[in-house]
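If you read the sequences in order, they're chains A and B. With the first sequence counted from 1, adding 35 to any position gets you our numbering. With the second sequence counted from 1, adding 35 to any position gets you our numbering.
Calculated from the structure, these hints are not laboratory results. No false leads were mixed into what you were given.
Taking lysine-lysine pairs in the BS3-like style, the calculated list, with each CA pair at most 27 Å apart, reads:
(1) B:Lys268 to B:Lys250
(2) A:Lys112 to B:Lys322
(3) B:Lys313 to A:Lys112
(4) B:Lys302 to B:Lys231
(5) B:Lys112 to A:Lys322
(6) A:Lys345 to A:Lys56
Note that this is a predicted model, so its numbers are computed, not measured.
Protein chains: 2
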Amino acid sequence: MYRIGIDIGGTNLKAGIVDEKNNLVESTYAPVRKGASPNEIIADACQLAEAAMGLSCISNSEIAGVGISCAGTCDTKTGRVIHAYNLGFENTPVCDLVNFRFHVPAKLANDADAQALAEVRAGSALGMENVLYICLGTGVGVGIIINGGIYSGCGYAGTEAGHMTLILDGEQCTCTESGCFEAYASATALIRQAKKAAASDPGSALNSLKKMGAKDIFGLADAGDETSVRVTKEYIRYLSAGITSLVNIFDPEAVVIGGGVANRGEKLLEPVREYVGKHIFGADSRKAPVITAAGFRDNAGVIGAAMLIKDGTE
Amino acid sequence: MYRIGIDIGGTNLKAGIVDEKNNLVESTYAPVRKGASPNEIIADACQLAEAAMGLSCISNSEIAGVGISCAGTCDTKTGRVIHAYNLGFENTPVCDLVNFRFHVPAKLANDADAQALAEVRAGSALGMENVLYICLGTGVGVGIIINGGIYSGCGYAGTEAGHMTLILDGEQCTCTESGCFEAYASATALIRQAKKAAASDPGSALNSLKKMGAKDIFGLADAGDETSVRVTKEYIRYLSAGITSLVNIFDPEAVVIGGGVANRGEKLLEPVREYVGKHIFGADSRKAPVITAAGFRDNAGVIGAAMLIKDGTE
Chain A
36 MYRIGIDIGG TNLKAGIVDE KNNLVESTYA PVRKGASPNE IIADACQLAE AAMGLSCISN
96 SEIAGVGISC AGTCDTKTGR VIHAYNLGFE NTPVCDLVNF RFHVPAKLAN DADAQALAEV
156 RAGSALGMEN VLYICLGTGV GVGIIINGGI YSGCGYAGTE AGHMTLILDG EQCTCTESGC
216 FEAYASATAL IRQAKKAAAS DPGSALNSLK KMGAKDIFGL ADAGDETSVR VTKEYIRYLS
276 AGITSLVNIF DPEAVVIGGG VANRGEKLLE PVREYVGKHI FGADSRKAPV ITAAGFRDNA
336 GVIGAAMLIK DGTE
Chain B
36 MYRIGIDIGG TNLKAGIVDE KNNLVESTYA PVRKGASPNE IIADACQLAE AAMGLSCISN
96 SEIAGVGISC AGTCDTKTGR VIHAYNLGFE NTPVCDLVNF RFHVPAKLAN DADAQALAEV
156 RAGSALGMEN VLYICLGTGV GVGIIINGGI YSGCGYAGTE AGHMTLILDG EQCTCTESGC
216 FEAYASATAL IRQAKKAAAS DPGSALNSLK KMGAKDIFGL ADAGDETSVR VTKEYIRYLS
276 AGITSLVNIF DPEAVVIGGG VANRGEKLLE PVREYVGKHI FGADSRKAPV ITAAGFRDNA
336 GVIGAAMLIK DGTE
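Kindly produce the complete structure, drawing on both the sequences and the hints.
Here is the structure:
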């Protein structure tokens, strides 16, 4: 049997067919249409899945179920997205709608949770039981794996570890609170930190960037721009401090870092490991968890979503 | 069958006999002898348990096992206490030693974890699946219950949520790091905050206290001493901010507050509930977890320890 994975992000929709060995057989994608209603967005995602079925010549009878990974707060029990602000979803019965289209079981998870599942089932944390997946992008999404499965709290509001406090009364966060981990460790936060530093240092090469992305800032640091070096070091310190807190709380086997910022690879991971190794509780006498980059990148959401469905072989 | 619970704290040893309905049939206690070696401390604790058996006329054949709750970092899998600084324990094989004495299964857990278990099995969070227990005393101990059982991480270092960061680069913590939740929300932290405030306000009644405890500071706040009012309000804000972080991370059904500071009751809980209700992620549209005082007080450690042992009726 095959499983369909659908990944509904704030910007893009992706769908794919996943086989029993967790290989992505076929995938399709499209942007989220501007101004589309929640129902239209879900219909578009279903159409992408049907296109992937067509391309791989797989019929409905060969599909065990559809897993959906969605940005926002997901109620995994009812299959509803409670909120997804970027998508206009509000108490949206995603699983009911998908089931209505495909007539097979549908399961929902938050995107960071689905990606975390992909990492323990087939990625960088293969076979581990207690793992944190941290996705550094527009925000900071954290997927928590406990005893090999997604931990999503009491099921109503979902876990939002990106909004733990790192500095009480600190930097303003998008969530209306201030001082959240996300307000210091997202790609957006890095860009804000760099813009602030550039404004107070007119000589910095940061000022010559037409459009500033995390990659550009790291690039200038590599090229020796002192302001960029300072900004990226401080960013990594914030990120590492947040990871240290989460390691103290969960004592996980591994921390897997995904999202755009993770493309920085060892240049990011090495200083994070060094900080965490020095600053975790009982640092002198304990082993720090594995800290590694995500094994899946663009397709993590689709594959993780598909893994929400038991395919009959597990 | 009965179970023995042993609670090894930094200052006191307690032991008790617990029946199949989780009632404490008999209990005994003694101070930790100054200068005693780890083996001597454990022998003393075993002797207390034997005294409790004698008092209740229960023989070894009626004991299903011995659960041990211990301050410090516990490896629940090997039954060893990795560190307990106040006790001088260092990789101490507590379960082996207890088993050698009683010839029944022995199980170990960190004290906050055992107390958390007591709360979900028979206390304020009875029957709940995902619960945080926060013990406010000399330090801040956090016991994490997931799917009805103790979550103790990957088993080596234990969870130490008291050492998540609340204010990066903030107040010095006993763990050598700075800015930990514990450094703001323990009873010790409240006393430090009050001493600092008293020093800068010679007119405060705080300066008239011969010995300053959390209870005294709250008492002066009740009596209208302005400095004490300000200090206790700020303390509660720190505590609430830390709880808000943990609620965002775990989305638990309940947060149970124990330890000496919890004796403050509703005067503590009410403002904590108000803060958490306002500041949790998605506050506008979600229900905050139950925030309540622990159901067990002095005997939580003994009863929770006994609950580590299956008594054959579960």
